[in-house]
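Undergrad: Chains as they are written, first to last, in full-length UniProt numbering: chain G, 1 to 320; chain F, 1 to 320.
It should be emphasised that the hints constitute simulated quantities derived from the structure, not laboratory data.
Be careful, since some hints might not be right.
Remember, identical chains collapse to one label, so a pair may be satisfied in a single copy or spanning two.
Said to hold, decoys possible - As a list, the in silico DSBU-like pairs of lysine-lysine whose alpha-carbon atoms are at most 30 Å apart:
| no. | residue 1 | residue 2 |
| --- | --- | --- |
| 1 | Lys87 | Lys34 |
| 2 | Lys5 | Lys109 |
| 3 | Lys304 | Lys87 |
| 4 | Lys176 | Lys87 |
| 5 | Lys194 | Lys172 |
| 6 | Lys10 | Lys34 |
| 7 | Lys34 | Lys9 |
| 8 | Lys9 | Lys176 |
| 9 | Lys32 | Lys176 |
| 10 | Lys10 | Lys176 |
2 protein chains.
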Amino acid sequence: MANIKDIAKKAGVSVTTVSRVLNNHPYVSEGKRKAVLLAIEESNYQRNINAVHLSKGETLLIGVVVPFTNHPYFGLLVEGIANEAMKNNYKLVLFQTNYEADREIEALKMLQYKQIDSLIICSRICGWEIINQFTEYGPIVLCEDARNHNVSSTFIDHYISFTNALEYLHNKGHYKVGYCIGRKSGSSSRQRGKAYADFLSRINERYNEEYIFYECLNFEHGEDVVRRLSSMDNPPTALLVTNDIAAAGIVTSCREIGIRIPDDLAIMGFDNQPISKIMHITTLEIPLVQMGRNLLLQALDGEKHTHEEISVKLIERQTV
Amino acid sequence: MANIKDIAKKAGVSVTTVSRVLNNHPYVSEGKRKAVLLAIEESNYQRNINAVHLSKGETLLIGVVVPFTNHPYFGLLVEGIANEAMKNNYKLVLFQTNYEADREIEALKMLQYKQIDSLIICSRICGWEIINQFTEYGPIVLCEDARNHNVSSTFIDHYISFTNALEYLHNKGHYKVGYCIGRKSGSSSRQRGKAYADFLSRINERYNEEYIFYECLNFEHGEDVVRRLSSMDNPPTALLVTNDIAAAGIVTSCREIGIRIPDDLAIMGFDNQPISKIMHITTLEIPLVQMGRNLLLQALDGEKHTHEEISVKLIERQTV
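Bound conformation, chain G alone:
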């Protein structure tokens, strides 16, 4: 296989010129550029791209941290990230963390060791004391409100959107309102928990731990929720479900056992996934694909830290 010296010799130029052509450097005459490209073509030259990147200090790889690769919420986010990456000739290195801190730290270390150019964290498990140790090594972009930190972020205001959803249910006559959420900790869960507590105290309702359902991520979790609901003496009359897939699972399980929606139980989803449209689920639309695109562009933007709040929209259908 021809190396860079062979190419230079064949093209009648210096090794530096070949390197400049390979790296799209300016200040190479058109004649020399063509001679190099011809020599490369004729000798079937294989660049060692790692070496090229090493000299340029970039990998054209963007790291993406997700807790699960196989969840529709992260599916839409990654779809947006992947589409925008494709357009800009970047590839994604995928980190599935299962919400284990060590996995997230591995991703941060790949940024530290320059194996990726920047890192997008779609849902964070590590505390800021850890993230902050890595911000000097390259752009870190988060999908949460991170305006006070040395990173970029694209986010929705979970406190306000949760409050609006709760008020909507209350205006429809519900005061026994519960909610279903993915995990107990995490910044969005905390914001939503606060919105819920503030809502209850505004409408003078007692906090009832039974009304909160954790680990509610997938279609199949709907079954558990409905089983628990049917065993309650005083069940909620409305549920806010923080993702549409779980909401669809709840609606389906309710149908199975004759709980009428919305008469016996009102259901409000989140995201506006395709399944919510078909199943006529009232939901809060979160433009996840657009958010994914934005995250990728912020990752490419490098040094400049930007923060963009994305607004959500209520989609009224038939489950409230």
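Add chain F to chain G, keeping to what the hints say.
TA: Below, chain F without anything else, positioned relative to chain G:
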């Protein structure tokens, strides 16, 4: 930041010894190894991992080609791949092709240029004449029967599984059977098309183009299928749907407009996704997570080409 020379000086050893320690080379005395590790720790030395990989010729990255990042079928495959990669300390570089050949070629070129150690193609768009040009550069693993090629593969026999599904429907009294599939071309579509044609000629039924529904990938496509069905003078009495999500969409849309399942229309899915369990959809179980794990292990296996056929299982529920 300390470089390798600083470390060598600090540890009182040669640069070669430091490099050997970094690369887990044998023949380094325990005393020297400890001195190097201590010097590294004390000087907060940042290895340039790309340089390390360059010298070892490996990246610890495995490429994964999928047509869509956001589809439950590929979601489960990638989940299996990602879990096994995590265990083995490999990371995934994700290529979303949208079934565009150029995107797949980009992935193959990353293998050629040693930017990834091996490549898993979950669903192929390029012809073998292209794939074959890249098999010399590193392990390529396919999720289709590729026993005659210079690659590894994990696959199911689509001809036999489709035939079995069709015969099952026929034994239940159906002879007007149609099917829904993702794309017209592709090796699995061809095998299934052949199984369908052979089935029809076995039961002496005429081939009816109207009974085949393409581009049937997602929940929302169920609506289109049901709309087309309701406009037919002589609709099929049973549908084989090559993925459960689309099957769930069809079942949901049928409910909407009063088509009774299985009385008016029998539905049989594929994959045994969680949604099929909740919605009681009869389906052929394909162990996608297990297949994903296998694909990753084959990718790590390097030179040795192996081929593993995975068997499917009929799960009888309530839609046939």
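Undergrad: Against each hint, give a clear statement of whether it holds in the structure.
TA: Each hint tested on the structure:
| no. | hint | verdict |
| --- | --- | --- |
| 1 | Lys87 / Lys34 | within (26 Å within a copy, 47 Å between copies) |
| 2 | Lys5 / Lys109 | between (35 Å within a copy, 22 Å between copies) |
| 3 | Lys304 / Lys87 | within (21 Å within a copy, 35 Å between copies) |
| 4 | Lys176 / Lys87 | neither (48 Å within a copy, 45 Å between copies) |
| 5 | Lys194 / Lys172 | within (22 Å within a copy, 55 Å between copies) |
| 6 | Lys10 / Lys34 | within (12 Å within a copy, 48 Å between copies) |
| 7 | Lys34 / Lys9 | within (14 Å within a copy, 46 Å between copies) |
| 8 | Lys9 / Lys176 | neither (80 Å within a copy, 70 Å between copies) |
| 9 | Lys32 / Lys176 | neither (76 Å within a copy, 68 Å between copies) |
| 10 | Lys10 / Lys176 | neither (80 Å within a copy, 67 Å between copies) |
The structure fails to meet hints 4, 8, 9 and 10 from the earlier list, while all remaining hints are met.
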